[in-house]
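Chemist: Sequence:
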Amino acid sequence: FIIVQITEVLRKYTVILEEISFFLSADVYRFMNDEAMMINRALLANQRAIAKLFFNLMKSEMKTELSHRLKWQDRVKDWKYLLQCILQSYREFMANEEIQNPPTVKTEMENMIMDQILLSERRLEFLQHLGYDREQEQRKIEFFLELMRDLTTKCTLLPFSVQLYNAAVRQGLNIFYKALFNGKNAFLVFNAPVTLNRGDFKELAKQNEQNCRNLYSYFKEAMDLWDVHQLKLSQQEGELQKKLDECRWKQNNSIQV
Numbered sequence: 410f411i412i413v414q415i416t417e418v419l420r421k422y423t424v425i426l427e428e429i430s431f432f433l434s435a436d437v438y439r440f441m442n443d444e445a446m447m448i449n450r451a452l453l454a455n456q457r458a459i460a461k462l463f464f465n466l467m468k469s470e471m472k473t474e475l476s477h478r479l480k481w482q483d484r485v486k487d488w489k490y491l492l493q494c495i496l497q498s499y500r501e502f503m504a505n506e507e508i509q510n511p512p513t514v515k516t517e518m519e520n521m522i523m524d525q526i527l528l529s530e531r532r533l534e535f536l537q538h539l540g541y542d543r544e545q546e547q548r549k550i551e552f553f554l555e556l557m558r559d560l561t562t563k564c565t566l567l568p569f570s571v572q573l574y575n576a577a578v579r580q581g582l583n584i585f586y587k588a589l590f591n592g593k594n595a596f597l598v599f600n601a602p603v604t605l606n607r608g609d610f611k612e613l614a615k616q617n618e619q620n621c622r623n624l625y626s627y628f629k630e631a632m633d634l635w636d637v638h639q640l641k642l643s644q645q646e647g648e649l650q651k652k653l654d655e656c657r658w659k660q661n662n663s664i665q666v
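Those letters in the sequence shown? Residues 410 to 666, by this note's numbering.
Honestly, the hints are just simulated from the structure, not real lab data.
Please note that the accuracy of each hint is not assured.
Said to hold, decoys possible - Simulated DEER-style distance windows between Cβ atoms:
#1 Lys480 - Ile459: 24 to 34 Å
#2 Asn520 - Lys659: 19 to 29 Å
#3 Gly647 - Glu530: 27 to 37 Å
#4 Leu419 - Asp483: 57 to 67 Å
#5 Met503 - Gln650: 44 to 54 Å
#6 Gln644 - Ile508: 53 to 63 Å
By construction, the Cβ of each residue, glycine as well, lies at the ideal position given by its N, Cα and C atoms.
Just need the whole structure built from these sequences, with the hints factored in.
Modeler: Now the structure itself:
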């Protein structure tokens, strides 16, 4: 593009010089040819200078890159050597007997094992104690249940016994009345004692009936008291089971920790 512009400028001024100069056309063309040659040499020299400058720049950049590459290779070698040294030092450090079997860790492990054994023994003792207490409670409950069964049986048989007793008393009174009414003289002689005996029997029957009622009330109160006691025992058993579960849970957590 620059050469085309220079060519056009030279042609333009060649025409102008032909019109205004006193030289011949051949001399004008020769002069313009010489100027064109000089301009051409200057352009070629500039191109060579630019090419040389570009070459020098490329050469400098390549040298810089080569230097950086060599430095990077040296750094990589140094890093690999340093890594090998570190690995060798680490292997030697880990191969040391104090590191493989440290005495402090061994002592701590032994202490932890002993503590674990002691905790296990205490746990077993506690569980055995709880089991023994529970067996005692179970025995008490069985004893009270057996006592309650006996009381219930006696309370069940008591009305029947009272009825038998009343029947026997009535039978005796009937026999006595028949014996009294068999003879008139005997009735006259023994009128007052018989009246007294009849009153005594009635009083005795009333006393027996009152005693039976008192005994029934006593057994009824005993049954109510047993129900209350059984309810309290059930509540205490539930609380004991809850405490046992909490102790077992805490013991398991302490063992896991």
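Chemist: State, for the Cβ atoms of Met503 and Gln650, whether the hinted interval 44 to 54 Å holds or is violated.
Modeler: holds (53 Å)
Chemist: So does Gly647 sit 27 to 37 Å from Glu530, Cβ to Cβ?
Modeler: holds (29 Å)
Chemist: Evaluate the given range 57 to 67 Å for the C-beta pair formed by Leu419 and Asp483.
Modeler: holds (59 Å)
Chemist: CB of Lys480 to CB of Ile459, is that within 24 to 34 Å?
Modeler: holds (31 Å)
Chemist: Could one say that the CB atoms of Gln644 and Ile508 fall in the range 53 to 63 Å?
Modeler: holds (60 Å)
Chemist: May I ask you to test the hint 19 to 29 Å on the CB atoms belonging to Asn520 and Lys659?
Modeler: holds (22 Å)
In the structure shown, no violation is registered for any of the earlier numbered hints.
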